[in-house]
Amino acid sequence: MAKPDDRSDNAEKLKEAVQNTVRNLEESEHYLDEHAVELSPEESETLRQKNENRREALDSLRSEIKDEQEYAE
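Quick note, the sequence shown lines up with residues 2 to 74 if you use the working numbering.
Among these hints, one or two may not hold up.
[As the list claims (entries may be wrong)] Okay, derived cross-link-like pairs now, SDA-like style, lysine to any residue, Cα gap no bigger than 20 Å in a straight line:
| # | residue 1 | residue 2 |
| --- | --- | --- |
| 1 | K4 | Y72 |
| 2 | K14 | L59 |
| 3 | K51 | L62 |
| 4 | K67 | E13 |
| 5 | K67 | A18 |
| 6 | K51 | E30 |
| 7 | K14 | D60 |
[As the list claims (entries may be wrong)] Here are the in silico distance ranges between beta carbons for each label pair:
| # | residue 1 | residue 2 | range |
| --- | --- | --- | --- |
| 8 | D60 | E28 | 17 to 23 Å |
| 9 | E44 | A18 | 21 to 27 Å |
| 10 | N54 | M2 | 35 to 41 Å |
| 11 | E39 | E13 | 34 to 40 Å |
| 12 | S64 | S29 | 18 to 24 Å |
| 13 | E44 | K14 | 27 to 33 Å |
Read the hints as simulated data drawn from the structure, not as lab findings. Glycine included, every Cβ here is placed at the ideal spot set by N, Cα and C.
Based on the sequences and whatever the hints tell you, model everything.
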């Protein structure tokens with residue numbers, strides 16, 4: 002028998018994911034600022050692309066939080 006769909010803590014888990022993603026983004030940007038001259042152009046570009054992906058993920062996560070909060074109402 003399938004478990005019932007328990008979405009009661011989804012918004013909280015998504016909020017934690019947002020916080021972790023923001024922290025990773027900030028740490029990566031700080032690292033780039035401090036060590037850009039030591040990195041190869043490929044490494045710098047890889048980090049910049051990861052940060053862009055993180056920004057896009059944040060938009061999606063925030064949208065999901067909104068959906069979950071509306072579902073809970």
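Open item on the list: Of all the hints numbered above, which does this structure not satisfy? Sort the numbers upward.
Closed with: The structure conflicts with no hint, since it agrees with every one listed earlier.
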